[in-house]
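Here are the chains, one letter per residue:
Protein chains: 4
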Amino acid sequence: MDEKCGVVGVSLSDRAAARPLYYALYALQHRGQESAGIITHDGFQQHSHVEMGLVGDAFDPDDIAELNGSNGIGHVRYPTAGSVDTACAQPFSVSFKSGSLGLSHNGNLVNAGALRDELAGMGHAFTSDGDTEVIAHDLARNLLDADLVTAVEETMATVHGSYSLAVMHDDRVLGLRDPQGNRPLCLGELDDGYVLASESAAIDALNGELIRDVEPGELIVLNPDGTGYESHRLTDPDNTARCFFEHVYFARPDSTVDGKLVYEARRELGRGLWAENGIDTDVVMPVPDSGRAFASGYAEAANEDGGSVEFAEGLMKNRYVGRTFIMPSQDERERAVRLKLNPIKSTVEGKTVTLIDDSIVRGTTSTQLVELLHDVGAAEVHLRIGSPPIVAPCYMGIDMASRDELIAAGKTVEEVREVIGADSLGYLSPASIADALDTAREDLCMGCVTGEYPYDIDGEETDRAVSRPVIGD
Amino acid sequence: MDEKCGVVGVSLSDRAAARPLYYALYALQHRGQESAGIITHDGFQQHSHVEMGLVGDAFDPDDIAELNGSNGIGHVRYPTAGSVDTACAQPFSVSFKSGSLGLSHNGNLVNAGALRDELAGMGHAFTSDGDTEVIAHDLARNLLDADLVTAVEETMATVHGSYSLAVMHDDRVLGLRDPQGNRPLCLGELDDGYVLASESAAIDALNGELIRDVEPGELIVLNPDGTGYESHRLTDPDNTARCFFEHVYFARPDSTVDGKLVYEARRELGRGLWAENGIDTDVVMPVPDSGRAFASGYAEAANEDGGSVEFAEGLMKNRYVGRTFIMPSQDERERAVRLKLNPIKSTVEGKTVTLIDDSIVRGTTSTQLVELLHDVGAAEVHLRIGSPPIVAPCYMGIDMASRDELIAAGKTVEEVREVIGADSLGYLSPASIADALDTAREDLCMGCVTGEYPYDIDGEETDRAVSRPVIGD
Amino acid sequence: MDEKCGVVGVSLSDRAAARPLYYALYALQHRGQESAGIITHDGFQQHSHVEMGLVGDAFDPDDIAELNGSNGIGHVRYPTAGSVDTACAQPFSVSFKSGSLGLSHNGNLVNAGALRDELAGMGHAFTSDGDTEVIAHDLARNLLDADLVTAVEETMATVHGSYSLAVMHDDRVLGLRDPQGNRPLCLGELDDGYVLASESAAIDALNGELIRDVEPGELIVLNPDGTGYESHRLTDPDNTARCFFEHVYFARPDSTVDGKLVYEARRELGRGLWAENGIDTDVVMPVPDSGRAFASGYAEAANEDGGSVEFAEGLMKNRYVGRTFIMPSQDERERAVRLKLNPIKSTVEGKTVTLIDDSIVRGTTSTQLVELLHDVGAAEVHLRIGSPPIVAPCYMGIDMASRDELIAAGKTVEEVREVIGADSLGYLSPASIADALDTAREDLCMGCVTGEYPYDIDGEETDRAVSRPVIGD
Amino acid sequence: MDEKCGVVGVSLSDRAAARPLYYALYALQHRGQESAGIITHDGFQQHSHVEMGLVGDAFDPDDIAELNGSNGIGHVRYPTAGSVDTACAQPFSVSFKSGSLGLSHNGNLVNAGALRDELAGMGHAFTSDGDTEVIAHDLARNLLDADLVTAVEETMATVHGSYSLAVMHDDRVLGLRDPQGNRPLCLGELDDGYVLASESAAIDALNGELIRDVEPGELIVLNPDGTGYESHRLTDPDNTARCFFEHVYFARPDSTVDGKLVYEARRELGRGLWAENGIDTDVVMPVPDSGRAFASGYAEAANEDGGSVEFAEGLMKNRYVGRTFIMPSQDERERAVRLKLNPIKSTVEGKTVTLIDDSIVRGTTSTQLVELLHDVGAAEVHLRIGSPPIVAPCYMGIDMASRDELIAAGKTVEEVREVIGADSLGYLSPASIADALDTAREDLCMGCVTGEYPYDIDGEETDRAVSRPVIGD
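Protein chains in written order, with our numbering: chain A, 11 to 483; chain B, 11 to 483; chain C, 11 to 483; chain D, 11 to 483.
Do not take every clue at face value.
Where chains are identical, the list cannot tell them apart; a pair therefore holds if satisfied intra-copy or between any two copies.
[As the list claims (entries may be wrong)] Straight-line alpha carbon distances no greater than 30 angstroms define the calculated DSS-like cross-link-like pairs of lysine-lysine that follow:
(1) Lys327 to Lys270
(2) Lys327 to Lys350
(3) Lys270 to Lys355
(4) Lys361 to Lys270
(5) Lys350 to Lys361
(6) Lys350 to Lys421
(7) Lys327 to Lys355
By construction, these hints were calculated from the structure, which means they are not laboratory data.
Chain A with its partners taken away, still in its complex shape (with noise of 0.2 angstroms):
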């Protein structure tokens, strides 16, 4: 599963904006490591710096002194919609009539494709096939002839989706989650002015401290000399469908997601799984690193209830394995996983396993870990994961895969235990999902596990578990 965009935005008193964005962007770069990207506006106009690559390969010193202005937007790209080139690199810049626009944009609109039509029947001309330029040119045009807020709340009925905008319009900076709060935004503070993030991890990398998420439906407007903020919920919705993934994979475990801590979230789902579905094992071991904090709830959930697992590490993980990597041929295939992880053996040699991860999509790198445990000496091994079986895409910006790829669409869990080959298999359920978010089932987006959708989506069943305003396409 792959990692989604981040988002920042910041208003100081009287200091550049350009190094605390960098290392707010540095702190969300495993939202997206594609490209890095950061708008400033020093009163008079905009300076732009965007560049493939990581956030540390994108800046150089000379790039952060030539970004003037106290206020700014900071984007880390994770490719969703738009093909994969520079083109499509944020924070997304246009100037119209009355001033600039820059936008960083974390989610993905479903109703895209007919907005840009109506865009261009009034003559518009786009440079690139992404969302962002969309919601650009429609509040743009919104802009001409209404003041901001009233601007964006037209934009608001308009586009259709996820997004969590950081927004520049000349010198101030606004922060925007669509009314179904798919993708997180969050509101700091810091000595000296306020940021907008998509995750709590930047504002702490600023010292800051946490506010509040932003709401469903709301716009937060920061004053340009860091003073202050403006909040207006523009919409007011019923229900939310808030992405689950958030807190099971794509957020930092010391980030706080809706009010809750990413670590602790993991922690119960770990705690959940023993409960629905625990095993006695000798061990009970992670996928590391995203399975560590479910094997610990787990662990200590089974220890709780009068169990001896040992909790251990059972797979070391190499940090170097990265983008340019000379991949294995065919034959040496199976070589590949030890290389990314090698199993501990005295963790795993003659004993019970229960190995933890989060969640399988592909299953292949789960069947080469538990053929790899068996080959070094596993007496058996178990398989949980603290989520539901993926059977569905994500509509919603996540590029998960598509559902031919998805080793438990249209299967059942026996069946996908059988092509992983582990010793049992065991998922979590969504009812176990929504108490360890402490969020309402029908608050929570879970297409990819339900293959029902809080949006109408072309082909696909619309979520019968929430009443939501029928969405035209």
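Use these hints to put chains B, C and D onto chain A, whose structure you have.
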């Protein structure tokens, strides 16, 4: 004096356009070294590759292989309007209601600001500062409810200034030259298609035949299957405003521009220079490489006049002094000119010398060269220049210099001579230029040497030699 | 504390050695990120590719394809002796009278200067400052009139200090470990050959089996056809001087070094830490990633003792903080630690905390972390360290720091605690280290924690715990 | 025919040597584009920077700033002996018993293999395949027990072949030219020091004055404080073996080599060509740039003879066709020549043409050019070459081609003409070469055009024109 952009477009019967475009751009590299780009269309979609740097560095074989389609356009850029960054690299590409547009532009609009405001008032949002985006938006808007030829005609009525364009509308390649014909554009035939290019040398590079120059105000539409082309004379102006500097400096000697081989034009300019300002010296030598054809014509005319001047190389040019050169410190500055141009002593020592160059802009190099030749023992150094004194800026796309940087602005020839330190100095008259180019004086743009422009430019005189329709700004 | 070089050598029956060497270097990347190199021999000549940077960046598929031959050696470098530049990247390669030599070296000579002088007196000229060139020249000289084994024996008698070497003499791969066995080296078997490597994880990466460690003073000669190997015990020292820091920090947890799995050693060190310096707190948390195994052993021992400490992650490590990071300015310095390690508040807030790390060198990070944990609300922060105080430099190849940079040099534990600001501080004793490593105290090099060295080093004490033959310098 | 290495050395009174060396290398760039390097010495230690690529790319201002010291040497490399990789980039640097040595070498030894074996027999180990390392080791060995001048004299007695060397022994810069004076080397004076360089143009670039050529067999030792130099004539050979190709092709026209300005030499060669093989045609045109001076001398002599040939440019060279050019596919091959050299039609069309070039090696380009000129309408194309037919390889450091690639090897002039397709073909005789160079025939190396060499080379004839001491191999 700086070079200018180069544009090219090809339509082939049954062969990928990318390689021919690549070779054509190589042949036009002297017109722009900042960025290089190609857009092709395969009948279904555009393919684009644009990068900063030289043609040879901007494309690798994989890039060329991915540019599918037998129709395409290309561009090499020398920065004129718009800031010097990636956003301005061309071809510029947009998609709009009824398809896609790609534009390669050589020239400069005089009413870009007003047009941009007008379009912005209709809701258009712009991603760059460049003129080209303005043309693209205007054309896209006209194409909403007009056929191609009509839409281009409307755009031609709206945009004022200089432009030679290679345009790609879906898979159709167009060539368009402004009504004054300020920038060159020509049409050629290949074995399996047609080509439009800034200079005929690019047609030669493809082993093609020059058919003719595109006429001022003419639109050429190539058949996408490479079988032919249509011509549309959209306007029929009384006078043109062709830039005489193309023959003096910009174009390659082996190109034919507006019916005149550049090498021959320069030889004739050299002959005219003898006729107007000849002086008998032991040796006539060029500033390489641009002065060579002038000097050869000058020496030839001198000898025909019964003189016995020797035509010889007196300055050796270092081909490797390039972009990534560590500049000498202030006190080493004198050395810099010898790194670039070093005297061949036997040509100079103890001799009276006529040094021939095409033009003088700031005068820095001329001053250094004259001093250098004196230093190595020249008895006298007489400077002859193959064009009139440059006294005013260019508004048509050539980034010469601002008025106060021009050595000849506000000075008599004698005053210029004194600054440069030459024993005598002679320029060529506008009349001789017109003669050498076989073009009526009133059909040439000579703003930079007369200060009177064929376009209405705020704060500048309008060319009284020509009765031209006034263009609103 | 910095990592150390990694070496590898393979001899295969009928397969190019380059790809296995590449994957083995990937598995050893943690031992050196400065440069990576491979030398192979195809029976006729050497092929070499050495570059600065990570393994993944240093080689592309063409490089690997050109490294012909089924025998070869590789190296990843962390700079120790010799300046940090290309000339020091390894393997180091020379040709001499009777063939070619390639050397991959992990370690540091104590008599390199004297040997270099001696060889220079015989006319040798050196291209680098490194120890490795000295070994190469000495071995080349010995090979002039001795067979391979004798020559290596002579060199072993001459060079003093630490060295684990993978050597390529023409197409023959050798492994050589110094008589004190200071740096690790092990031998493994593949389906179609044999492998020598710094750590067994590199053998795992090739799907091979660890045979055993190379013994101190042992020479292993692989058959060039991959069919077997010879062993030569060239010296038989009474005591060894194995570096205890391999188990504490350098080696991968999944490697078996000198017979002991590193992960298990660390768990036992953690248990020993509880036994010697245990304290009851609400939570036990590691400094990731190196403190994790210690903390897990510590917590386990605590709970076996009837405690009820919670083992939890309290610090989140940012995987992307890398080489090309723009360092915060002085007044942003505090921020830097939060970019690298950010607290997980639920683990820390309002709790008494035991923070576990493997070692303290300068103490900068420890001080920042303790302050950070107090800042986010820890009631108490108790620091426990899985090794003794580091009070003296390492002369065996580890670039720890000079004595006056070491926080513990010349300070009592209480004085160190005060600087760091922890509520209590506890280290582990050398005796417990020896226990956990199943190695006699006198067979370990503990110079950095005792200031007494197993080698005679100018101005330093010699280790009195051990009776060792004095080595002339 | 390929260029050769360039060497330089400077000693200054009180100014860093790095920048002057950098500019001198720029002036010598035509002699080698593969790598560039500078070594300086600040009185205590060497500083070195060597990189692949052009001078402008190999150094940035920081590199120059770190090259401390007022004495230093530099090198640009065109690969001759030794494989084409980093290990062969120069200056080559070694440290040995009594200090450090740096060597910049232009030339080729004929007994490198034997010397290498001999040194290897004494235990020397080599890191490269190059000749330069052999010289360095031999000199270092001689310096063990001899003073500098004696040591150099001993080395000169040992190494046979061509060499012009700039050597740095600690902070002392030496210039050394082999007894036959095969490669050029000259001495110049600066305001504040002295300079040694392959060509006088490098002295010009530093605003210095050429003093004289270094004599064959002479050693120049610069005072490290820039105040003067010593000369030592170490041998006094009867005859020299100067490479006549320096004047024909390698050197810059503005350099004075062995007392003769290259531009003048080429003009005289052109005059000789008219005298020996003149033919009356409408136009005489050079292959740019190297044929230009020949053609100008040829045309001048023709007109003095009462002819009326026009000297004109007929081929335009594209300055941008460089290293990173995507080669045309087989069926586009013909196009390649037009990308590099495009005809100026007015010079050629309907005319009888004499095309003048300096030499023919493989004949590929000549054949293409003749065909091209015919194609664009030349009535006749007569080819005149300013040197004799090249029929044998060069062993002195010029990588011409192997014998079977040489178009003239084993063919009569008429047979060559037929292959090339010219209407007539004329070469220049060795006697005319000697005349134009003001040098006795027996003092020139003409191996490549006679097949008889001034050195004993296995399987080749020794030059009978000269009685030379036989050099053992």
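Could you place Lys361 and Lys270 in one of the four classes (within, between, both, neither) given a Cα distance threshold of 30 angstroms?
between (35 angstroms within a copy, 19 angstroms between copies)
First find the shortest C-alpha distance between Lys350 and Lys361 inside one copy, then the shortest across copies, and answer within, between, both or neither for a cut-off of 30 angstroms.
So Lys350 and Lys361 pass the 30 angstroms test inside one copy only (22 angstroms; across, 36 angstroms).
Regarding Lys327 and Lys355, is the shortest C-alpha distance of 30 angstroms or less found within a copy, between copies, in both, or in neither?
both (14 angstroms within a copy, 25 angstroms between copies)
How would you classify Lys270 and Lys355 at a CA-CA limit of 30 angstroms: within, between, both, or neither?
between (36 angstroms within a copy, 11 angstroms between copies)
Indicate which option fits the pair Lys350, Lys421 if close means a Cα-Cα distance not exceeding 30 angstroms: within, between, both or neither.
within (28 angstroms within a copy, 42 angstroms between copies)
When no copy is named, should Lys327 and Lys350 be tagged within, between, both, or neither for a Cα gap of at most 30 angstroms?
both (6 angstroms within a copy, 19 angstroms between copies)
30 angstroms Cα cut-off: does Lys327 pair with Lys270 within a copy, between copies, both or neither?
both (28 angstroms within a copy, 20 angstroms between copies)
In summary, the structure agrees with every hint in the numbered list given earlier.
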